[in-house]
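Using the sequences provided together with the hints, build the complete structure.
Same order as they appear, the protein sequences are chains A and B.
When the letters of the first sequence are read in order and numbered with this note's numbering, they come out as residues 44 to 556.
When the letters of the second sequence are read in order and numbered with this note's numbering, they come out as residues 44 to 556.
One thing to keep in mind: the hints can contain errors.
Intra- or inter-copy, both count: the list cannot distinguish identical chains.
Taking lysine-lysine and the DSS-like style, the derived pairs with C-alpha atoms no more than 30 Å apart in a straight line are [claimed, not checked]:
{"no.": "1", "residue 1": "540", "residue 2": "345"}
{"no.": "2", "residue 1": "148", "residue 2": "64"}
{"no.": "3", "residue 1": "345", "residue 2": "335"}
{"no.": "4", "residue 1": "540", "residue 2": "420"}
{"no.": "5", "residue 1": "47", "residue 2": "330"}
{"no.": "6", "residue 1": "148", "residue 2": "62"}
{"no.": "7", "residue 1": "335", "residue 2": "47"}
{"no.": "8", "residue 1": "228", "residue 2": "204"}
{"no.": "9", "residue 1": "494", "residue 2": "345"}
{"no.": "10", "residue 1": "345", "residue 2": "330"}
{"no.": "11", "residue 1": "330", "residue 2": "315"}
{"no.": "12", "residue 1": "148", "residue 2": "315"}
I should point out that these hints are in silico values taken from the structure, not numbers from a laboratory.
As the structure is a prediction and not an experimental result, all values here were calculated from the model.
2 protein chains.
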Amino acid sequence: MPGKVLIIDDIATNRIVLKVKLAAACYQVAQASTAREGIHAARALEPDLILCSAQLPDMAPDAFLRALRTHACTASIPIVAITSHRDATRRLALLEGGADDVLVKPWEEHLLLARLRSLLRQNESALEGHLREDVTRALGMAEGRDAFDHPSRIALIAPTKEEALRWKDRLLDHMTGRIMTLSTKAVLSDMAPEAIPDAYVLFGDSAALRRRPETGPDRGPDNALHLLADLRARHETRNSAIIVVLSGENAQDRAADALDRGANDAIGQAVKPREIAVRLRRQIARKRRLDKLRADVASGLKAAVIDPLTGLYNRRYALPRLAAITSGAYSSETSPLPSARFLQNSQQTGKVPRNAPSKNKNRRDYAVMILDIDHFKLINDGFGHAAGDAVLERIGNVLREFAGPDDLAARIGGEEFLLALPDTTPQAARQKARQLCETIRETVFIAPGVKQPLQVTVSIGLALASDPHPRPHMAEPDWRGAQAMLERADQALYSAKSHGRNQVIVCTERSAA
Amino acid sequence: MPGKVLIIDDIATNRIVLKVKLAAACYQVAQASTAREGIHAARALEPDLILCSAQLPDMAPDAFLRALRTHACTASIPIVAITSHRDATRRLALLEGGADDVLVKPWEEHLLLARLRSLLRQNESALEGHLREDVTRALGMAEGRDAFDHPSRIALIAPTKEEALRWKDRLLDHMTGRIMTLSTKAVLSDMAPEAIPDAYVLFGDSAALRRRPETGPDRGPDNALHLLADLRARHETRNSAIIVVLSGENAQDRAADALDRGANDAIGQAVKPREIAVRLRRQIARKRRLDKLRADVASGLKAAVIDPLTGLYNRRYALPRLAAITSGAYSSETSPLPSARFLQNSQQTGKVPRNAPSKNKNRRDYAVMILDIDHFKLINDGFGHAAGDAVLERIGNVLREFAGPDDLAARIGGEEFLLALPDTTPQAARQKARQLCETIRETVFIAPGVKQPLQVTVSIGLALASDPHPRPHMAEPDWRGAQAMLERADQALYSAKSHGRNQVIVCTERSAA
Chain A
44 MPGKVLIIDD
54 IATNRIVLKV
64 KLAAACYQVA
74 QASTAREGIH
84 AARALEPDLI
94 LCSAQLPDMA
104 PDAFLRALRT
114 HACTASIPIV
124 AITSHRDATR
134 RLALLEGGAD
144 DVLVKPWEEH
154 LLLARLRSLL
164 RQNESALEGH
174 LREDVTRALG
184 MAEGRDAFDH
194 PSRIALIAPT
204 KEEALRWKDR
214 LLDHMTGRIM
224 TLSTKAVLSD
234 MAPEAIPDAY
244 VLFGDSAALR
254 RRPETGPDRG
264 PDNALHLLAD
274 LRARHETRNS
284 AIIVVLSGEN
294 AQDRAADALD
304 RGANDAIGQA
314 VKPREIAVRL
324 RRQIARKRRL
334 DKLRADVASG
344 LKAAVIDPLT
354 GLYNRRYALP
364 RLAAITSGAY
374 SSETSPLPSA
384 RFLQNSQQTG
394 KVPRNAPSKN
404 KNRRDYAVMI
414 LDIDHFKLIN
424 DGFGHAAGDA
434 VLERIGNVLR
444 EFAGPDDLAA
454 RIGGEEFLLA
464 LPDTTPQAAR
474 QKARQLCETI
484 RETVFIAPGV
494 KQPLQVTVSI
504 GLALASDPHP
514 RPHMAEPDWR
524 GAQAMLERAD
534 QALYSAKSHG
544 RNQVIVCTER
554 SAA
Chain B
44 MPGKVLIIDD
54 IATNRIVLKV
64 KLAAACYQVA
74 QASTAREGIH
84 AARALEPDLI
94 LCSAQLPDMA
104 PDAFLRALRT
114 HACTASIPIV
124 AITSHRDATR
134 RLALLEGGAD
144 DVLVKPWEEH
154 LLLARLRSLL
164 RQNESALEGH
174 LREDVTRALG
184 MAEGRDAFDH
194 PSRIALIAPT
204 KEEALRWKDR
214 LLDHMTGRIM
224 TLSTKAVLSD
234 MAPEAIPDAY
244 VLFGDSAALR
254 RRPETGPDRG
264 PDNALHLLAD
274 LRARHETRNS
284 AIIVVLSGEN
294 AQDRAADALD
304 RGANDAIGQA
314 VKPREIAVRL
324 RRQIARKRRL
334 DKLRADVASG
344 LKAAVIDPLT
354 GLYNRRYALP
364 RLAAITSGAY
374 SSETSPLPSA
384 RFLQNSQQTG
394 KVPRNAPSKN
404 KNRRDYAVMI
414 LDIDHFKLIN
424 DGFGHAAGDA
434 VLERIGNVLR
444 EFAGPDDLAA
454 RIGGEEFLLA
464 LPDTTPQAAR
474 QKARQLCETI
484 RETVFIAPGV
494 KQPLQVTVSI
504 GLALASDPHP
514 RPHMAEPDWR
524 GAQAMLERAD
534 QALYSAKSHG
544 RNQVIVCTER
554 SAA
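The structure is reproduced here in structure tokens:
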């Protein structure tokens, strides 16, 4: 449970002082007294964090940092360098070399511990990401990385407009990207998703140290820490990179506070634009990695429920969905819920004819149909698998066109499809089934390597049901109901097959027709 | 971008005051003046948060809360009730009825806004969860819910041991679960994973308000806010439910601070044990929902890369993995990386004969073999698919037994398997391939519905390669190298088939043998 910290310092006293402080804060501590020993220990122990002197006798700082940063085992371990020089150029060199932060001796204990916590917390999420990356790369989504290579958008927020503009001007000497200056009000106002900054630099107002009223008739929260809390509470910016720059009274203490409140980076001392640029680049790169990862996980999950050939939902997804439909939880009233909105895009391409909603609001009629391609084996055997696949794909497209936004279209077997209508009328469902059967009969199927167009028909079993007490409330999935619907549709399908195929047979609530 | 807040209050002045405050803090505000109107607006607008008077003229508070809590559209919207009664029983009734917090008029503005931020932030993650739940339920993992139904573990941390014990005693009157009292030191020390509490209640020390040295020779951080930051920075507790209870000087202000620093709940006033119990139950339920969801997402991702029949990796996973192996990124030196540890369990069942590591440390030899079951179609056609599946499953088990912890075993086609050895010798790889071929020949295959045991053989194509400059550094996946290895193994396999099957053919770096 305790974080593992590796201390690398050639001076025994320094190591001991740090060790005592860290052990008291319940960290596990390992030590090394030279750069080489430290690199070796880092690879062997894989600590959660490295705390090192910037002046090690056996290696120059840049070579030392490079050795850690380029080795797979140590590349992503956060590094805090401790130096006795107040010199900004030296600090910058360490940051550019790969240190995550540089503390100047005598370091402020509160800030040191807050920085450690912050780095551990952030590395924690990176690690969680690392775990997933393996799988998501396996899911084949890794190629889209350059989709994130748009120029970065950076927002500067300072106590005065002039100050913000001055920083903008100075930052532009050291980095590219769209840098904008925003008022507090503008930061928290509505923004087009594509305009939302990747990173925020919040310059603290040294005159506004202690809490002031957060609001008034004409202004929003007015200092960096409040703004930080607001940004973290909002959907669009909760994963943004936020750097807080503080100066004046208690700046180091407030920087420590900012870190504990979720800033990705906080600076509590005089700082040059170039250093802000270095820190910004690092935070933006980190944010994009995590954005990419989140997108990959979403696609990975999506890939697990989509049939790759037709793009329809697969059986694994369809069955629980059907259980939700039979339970009534998926009535049109609840469909605006986020859960129902998810993954809609994959279904909603092409025109979407909506269902006629049930007229009688006191009950809900719903329907499930199973489609099976007639003599599919003949297509596969006669024209090859590629032809068979082309037919499946085309039928998938027809089905998608027939499915309304609340309907569920899925491929549930090799040549078997499902279309569920959660809110319809018996008439509308029958008509839709007949139209579907006709449309496929009239569709011209062109298959690769096959000269003449193929003639394809389907048999459809349609099960109708009625829910006399539809509940808009949340309901448990109704597995038995779903199973029963499927069985009835299956019976009807069997009946359609044995009556000569290329037709619809309907099974109403009580009796199979 | 701004959070949408619905204000429900029958007194116009109250609504206006709240609206002004919230608009100044850049929230979007909607209003309703009766309970019924409010419920209707909540369903229609789906606000991010509801701020309501606890005394609405047209409906009793419990009926009003129930109406919101039981409807799918509004069930998970955070609700803050505002009352003018300081009465603890009334507050408790509101919390038990479903309010997330109760503020007493005149409410402290800072606390109100911090509470809003906290609820928005937490609902945000619940929402993200909601989005995924749909998919993960579809992945069929929803049934395991009761795995999380162990009694909850709750840790109480108070300034003195006596105080902690007193709270424990009083809490046990109102809830079940394992309640333990912990010192700060014990909280941050190593703990067995199964002993880690679900929830922490941190009782603030009113005497330790302003910052004290965080550490000393014999103690850790000593007040609630520091402990909160530490818990959030640690792997095992970053998702724990944390409730901070503060009293004394500036308690409300500090409660607001605790919320902004990531507490799930914070109380800045005198509080009864029963209220803590209500809040604890809610936070623990929330934590378990999210734990379940995280587990589901992990299983969902895993399901996407595992072949359900054999439990081996599927083709989708195997190819990028092979590209990592040929690039050298998957040498045994880097395998202790988290990325390589992930999903190991699925491979490591049964005994795991380790590869003989390459003797010559200056180069790395690796090997890829493709196995194809001989005359598999005859098994399927002659004995049915169930028999074919049983054979595939059994061969999957054999392969798993042959795969060392760094090796990759996968099913890459209907009857085609892959075994990649990232670090081996040509001798060891040849021997392993031959043993594999022999083992399968000698295995007794029992298939369902088939009386006599089946005789099954495989043909194996083995490709050997050598990496003269192995880099332990991180490398880009080597897609071309992987493709080339597969092609060579495929050629060798073809050769094995055409030479009479049931044998191994080796393709060395330059020439096919």
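Evaluated hints:
| no. | hint | verdict |
| --- | --- | --- |
| 1 | 540 x 345 | neither (34 Å within a copy, 38 Å between copies) |
| 2 | 148 x 64 | within (15 Å within a copy, 44 Å between copies) |
| 3 | 345 x 335 | both (15 Å within a copy, 19 Å between copies) |
| 4 | 540 x 420 | both (15 Å within a copy, 28 Å between copies) |
| 5 | 47 x 330 | both (25 Å within a copy, 26 Å between copies) |
| 6 | 148 x 62 | within (15 Å within a copy, 49 Å between copies) |
| 7 | 335 x 47 | both (28 Å within a copy, 28 Å between copies) |
| 8 | 228 x 204 | within (12 Å within a copy, 47 Å between copies) |
| 9 | 494 x 345 | neither (36 Å within a copy, 42 Å between copies) |
| 10 | 345 x 330 | both (22 Å within a copy, 25 Å between copies) |
| 11 | 330 x 315 | within (23 Å within a copy, 43 Å between copies) |
| 12 | 148 x 315 | within (19 Å within a copy, 47 Å between copies) |
In this structure, the hints that do not hold are numbers 1, 9, in rising order.
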